[in-house]
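As they're listed, the protein sequences go chains A and B. Heads up, the first sequence is in the working numbering, so the first residue is 1 and it goes up one at a time. Heads up, the second sequence is in the working numbering, so the first residue is 1 and it goes up one at a time.
Honestly, I wouldn't trust all of these hints.
Identical chains blur together in the list; that is why a pair holds if it fits in one copy or across any two.
Unchecked claim - Think about it this way: if two alpha-carbon atoms lie no more than 20 Å apart in a straight line, the pair counts; the simulated DMTMM-like pairs of lysine to aspartate or glutamate are:
hint	residue 1	residue 2
1	Lys104	Glu88
2	Lys335	Glu21
3	Lys34	Glu17
4	Lys334	Glu23
5	Lys334	Glu17
6	Lys34	Glu59
7	Lys334	Glu21
8	Lys335	Glu212
9	Lys335	Glu23
10	Lys334	Glu20
11	Lys34	Glu45
12	Lys335	Asp253
13	Lys34	Glu78
14	Lys115	Glu88
15	Lys335	Glu20
16	Lys115	Asp320
In case anyone wonders, no lab produced these hints; they're calculated from the structure.
There are 2 protein chains.
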Amino acid sequence: MIGFGVVGQGLMRLLSERGEEMEARLGGKLEIVKIAVRDTSRKREASVDPGILTDSIDEILDDPSIQIVVELAGGVDEPAAWMRRALESGKHIVTANKAVIAEKGEELIALAEEKHRFLLFEAAVAGGIPILRVLREALTGDRIVRLHGIVNGTSNYILSRMASANLAFEPALREAQLKGFAEADPSLDINGGDACHKLAILARLAFLADIEPSAIPTQGIDIVSARDMEFALDFGYVIKPLAIGARLNGALDLRVHPALVPVDSHLAHIHGATNAIYLEGEHLGPVMFSGEGAGAYPTAVSVAGDLFEVARAILSGSDDRATPPYGVPLRALKKLPQLPAEELKTPFYLRLTVEDDAGVLADVASALARHRVSIETILQTVDDEEGIATIVLLTHEAFEHAVGAAVSELSRHSALREQPVLLRIVR
Amino acid sequence: MIGFGVVGQGLMRLLSERGEEMEARLGGKLEIVKIAVRDTSRKREASVDPGILTDSIDEILDDPSIQIVVELAGGVDEPAAWMRRALESGKHIVTANKAVIAEKGEELIALAEEKHRFLLFEAAVAGGIPILRVLREALTGDRIVRLHGIVNGTSNYILSRMASANLAFEPALREAQLKGFAEADPSLDINGGDACHKLAILARLAFLADIEPSAIPTQGIDIVSARDMEFALDFGYVIKPLAIGARLNGALDLRVHPALVPVDSHLAHIHGATNAIYLEGEHLGPVMFSGEGAGAYPTAVSVAGDLFEVARAILSGSDDRATPPYGVPLRALKKLPQLPAEELKTPFYLRLTVEDDAGVLADVASALARHRVSIETILQTVDDEEGIATIVLLTHEAFEHAVGAAVSELSRHSALREQPVLLRIVR
Chain A
1 MIGFGVVGQG
11 LMRLLSERGE
21 EMEARLGGKL
31 EIVKIAVRDT
41 SRKREASVDP
51 GILTDSIDEI
61 LDDPSIQIVV
71 ELAGGVDEPA
81 AWMRRALESG
91 KHIVTANKAV
101 IAEKGEELIA
111 LAEEKHRFLL
121 FEAAVAGGIP
131 ILRVLREALT
141 GDRIVRLHGI
151 VNGTSNYILS
161 RMASANLAFE
171 PALREAQLKG
181 FAEADPSLDI
191 NGGDACHKLA
201 ILARLAFLAD
211 IEPSAIPTQG
221 IDIVSARDME
231 FALDFGYVIK
241 PLAIGARLNG
251 ALDLRVHPAL
261 VPVDSHLAHI
271 HGATNAIYLE
281 GEHLGPVMFS
291 GEGAGAYPTA
301 VSVAGDLFEV
311 ARAILSGSDD
321 RATPPYGVPL
331 RALKKLPQLP
341 AEELKTPFYL
351 RLTVEDDAGV
361 LADVASALAR
371 HRVSIETILQ
381 TVDDEEGIAT
391 IVLLTHEAFE
401 HAVGAAVSEL
411 SRHSALREQP
421 VLLRIVR
Chain B
1 MIGFGVVGQG
11 LMRLLSERGE
21 EMEARLGGKL
31 EIVKIAVRDT
41 SRKREASVDP
51 GILTDSIDEI
61 LDDPSIQIVV
71 ELAGGVDEPA
81 AWMRRALESG
91 KHIVTANKAV
101 IAEKGEELIA
111 LAEEKHRFLL
121 FEAAVAGGIP
131 ILRVLREALT
141 GDRIVRLHGI
151 VNGTSNYILS
161 RMASANLAFE
171 PALREAQLKG
181 FAEADPSLDI
191 NGGDACHKLA
201 ILARLAFLAD
211 IEPSAIPTQG
221 IDIVSARDME
231 FALDFGYVIK
241 PLAIGARLNG
251 ALDLRVHPAL
261 VPVDSHLAHI
271 HGATNAIYLE
281 GEHLGPVMFS
291 GEGAGAYPTA
301 VSVAGDLFEV
311 ARAILSGSDD
321 RATPPYGVPL
331 RALKKLPQLP
341 AEELKTPFYL
351 RLTVEDDAGV
361 LADVASALAR
371 HRVSIETILQ
381 TVDDEEGIAT
391 IVLLTHEAFE
401 HAVGAAVSEL
411 SRHSALREQP
421 VLLRIVR
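Put together the whole structure using the sequences plus the hints.
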């Protein structure tokens with residue numbers, strides 16, 4: 001094992017608590033022989049034989065008796081280098097590191113395939129939900145056409161608290177940090193970067209497509225305010241941090257952004273730090289998986305599942321015929337074009353804060369009409385004291401570029417008091 | 001393939017539509033070489049080479065070139081006999097037949113283990129939800145302590161329609177039959193027998209316990225009326241057809257019955273013919289899986305997933321080291337005692353229809369008090385014209401035997417006009 005933080009300690013506990021059952025499952029024994037840590041003298045909650053702790057990763061990578069490396073250290077370049085060495089020397093790898101798989105996955109997986117070694121990373125996406133295994137093995141009879149996920153627990157926690165406790169963004173974020181959901185630097189959670197990594201991995205498996213995270217349009221949740229939550233609810237929607245993938249006209253529509261979903265939809269009920277993945281196949285109707293997305297134990301359970309798979313293969317002598325991580329060899333992944341944002345048609349939510357002047361509402365309506373964006377519902381409220389009006393509207397399905405052009409026009413309107421807020425609606 | 005109804009035809013379509021991807025996944029080809037049907041001349045929707053149809057099952061079982069038998073015929077004794085012969089002659093088996101696994105599983109699985117053959121039955125429980133694979137492989141790092149399922153789509157459809165359209169039981173059942181959810185003889189759906197079979201299979205996997213379906217207390221949904229739906233909703237609950245399994249004091253609490261669940265609970269949002277499985281582990285928080293529970297394609301997708309697993313093992317030369325169907329060898333399943341119903345403590349819903357006489361409410365309250373059942377909420381409504389009062393109450397947690405004794409006393413009360421309705425509340 002490389003790294004021995006909360007997940008590593010959770011894993012050790014799972015393995016030690018259930019030794020007997022594990023042997024019944026495997027017909028053999030898993031033994032943790034070395035754990036590489038930065039500081040071997042540091043006090044840890046888990047009781048561990050100090051003899052197996054080392055501060056030298058080489059002791060693991062150069063030990064030919066070690067068959068599986070479990071990477072739980074985090075980072076990108078360093079772990080990628082360790083994984084490369086481990087694979088070169090014939091070791092299998094289990095990791096919880098989504099960044100390394102999203103960004104260096106191609107190279108590492110090619111190497112794993114060349115060396116006929118396992119490289120498994122169930123814990124990298126949606127913690128305790130075994131969604132990668134489900135996509136890789138269980139649903140392979142069908143062709144997935146749509147995938148909606150809430151895959152970042154921190155953003156879902158923040159938006160849920162903004163909705164349920166009427167908090168503003170900042171206090172909701174601080175609450176998430178106090179509860180241990182958000183990192184000290186939560187920027188990757190909030191700006192959608194983490195969800196983008198996870199969507200890239202999910203989409204490779206679901207669509208058998210070769211996807212770069214950098215090609216996925218990604219929007220953070222910090223544009224959402226408590227007022228938008230309230231207005232959305234008035235219209236029958238809640239705002240959720242979504243990762244979306246869909247096949248459309250031979251292309252892929254991949255996006256990460258907050259969106260309005262109907263209050264009675266599947267994902268609307270996913271609260272707090274919970275993660276969920278919603279799938280539709282060509283033949284299979286909606287399937288949904290939900291559960292804890294992060295935390296020591298959910299992550300450790302997923303790592304253990306992978307570890308057992310590798311161990312079973314080793315014990316049955318078939319570990320040189322590992323299933324490729326994406327279910328098909330890397331070269332079978334197709335380069336599917338990303339659907340251009342302008343071709344995307346979806347209904348929108350738009351909130352404008354304007355001076356309460358006669359004629360502004362008419363200007364808004366005509367700007368939208370000029371771009372052939374038709375309005376489904378519109379609501380204007382006025383704050384008489386401040387002389388400010390808020391116009392909130394939902395559009396019918398409209399092209400993203402058309403709505404964008406109308407909003408860009410409106411954002412130059414002299415009566416505008418705040419930047420317009422534009423959110424997508426996903427039904 | 002034995003049997004070529006809607007599932008078989010769906011499977012054939014999945015396999016033929018996705019030949020190229022299948023080969024990329026398997027590194028080899030799956031070929032359907034024989035399909036045994038009752039009547040080879042019958043017209044079928046799927047286009048199929050008539051040369052592969054046969055009315056002789058022996059042609060499949062005696063053909064040494066056939067490696068996998070897919071049993072989709074239904075029944076118990078006949079398919080059990082075919083499976084025995086197939087395993088004896090070294091073939092692997094994939095089936096969607098829950099009855100044969102629930103009732104003859106022990107013998108067949110023992111044989112499969114002895115012969116080192118696969119016997120897979122993902123499609124037998126919860127259609128398109130790969131819950132067996134998840135329990136067998138993905139969540140093995142944790143110890144499952146609780147499992148709540150909606151595993152019979154017909155009963156969930158009926159109860160959902162009773163709640164949403166205020167239908168009585170009979171019209172809701174007829175609607176389910178018209179929509180093709182319920183069988184012409186829907187008794188196994190309605191009396192809980194089908195859910196009991198599925199719970200037995202799920203519980204073997206989740207709790208590694210040796211479970212006989214006949215030992216699972218099972219109650220049908222036909223005791224629920226539209227009035228109960230309304231009263232439940234007034235109290236903040238909906239009524240769902242549940243299959244429940246839990247570890248408790250070294251025993252297992254297994255039950256199939258309709259129950260009240262809070263309107264904001266996970267299972268309350270599972271409507272219509274959808275199935276769902278809710279799990280809690282010792283370390284893992286709630287995980288939930290939902291999707292279509294039956295139908296040609298969901299079932300065919302699960303059969304295909306199993307088929308691919310066997311095919312991968314054959315192609316990698318490791319099919320003589322099949323994972324046992326329950327994840328551990330049959331002999332490792334433990335005989336865990338079923339928690340006696342009398343030890344079960346749960347809150348209850350009780351509805352009494354009585355003559356509107358002074359003193360009846362007091363009699364009800366004192367009967368419950370005598371058996372130390374304490375009331376949480378009570379509601380009495382009176383129909384003046386008929387001179388009938390309805391008393392509905394929720395109890396605090398109470399022993400099943402205590403509530404049973406109180407209700408049995410009350411059912412002999414002279415003012416009683418209908419049999420009392422007693423339902424469990426699951427929070």
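Up to 20 Å CA-CA - Glu212 versus Lys335, copy category: Within one copy only: 10 Å inside, 51 Å across.
Homo-oligomer pair classification [Glu88, Lys115; C-alpha up to 20 Å]: Within one copy only: 7 Å inside, 37 Å across.
Within, between, both or neither, where Lys34 and Glu78 count as close if Cα-Cα is 20 Å or less: Within. Shortest intra-copy distance 18 Å satisfies the 20 Å Cα cut-off; inter-copy 54 Å does not.
20 Å Cα threshold - placement of Glu23 relative to Lys335: between (43 Å within a copy, 19 Å between copies)
20 Å Cα threshold - placement of Glu59 relative to Lys34: The answer is within: 8 Å in one copy meets 20 Å, while 55 Å across copies does not.
Homomeric proximity label, Lys334 with Glu20: Cα distance no greater than 20 Å: Cα proximity of Lys334 and Glu20: across copies only (13 Å, versus 44 Å in one copy).
20 Å Cα threshold - placement of Glu20 relative to Lys335: For Lys335 and Glu20, the Cα distance is within 20 Å only across copies (16 Å; inside one copy 46 Å).
Intra- versus inter-subunit Cα pairing at 20 Å for Lys104 with Glu88: within (16 Å within a copy, 48 Å between copies)
Intra/inter-copy verdict for Lys335 and Glu21 if alpha-carbon distance must be at most 20 Å: between (43 Å within a copy, 15 Å between copies)
Copy assignment of Lys334 with Glu17, given that the CA separation must stay at most 20 Å: between (43 Å within a copy, 18 Å between copies)
Homomeric proximity label, Lys115 with Asp320: Cα distance no greater than 20 Å: Answer is within: at 8 Å inside a copy they meet the 20 Å cutoff, but 24 Å across does not.
Alpha-carbon proximity between Lys334 and Glu23, which holds within one copy, between copies, both or neither at 20 Å: between (40 Å within a copy, 15 Å between copies)
No hint from the list above goes unmet by this structure.
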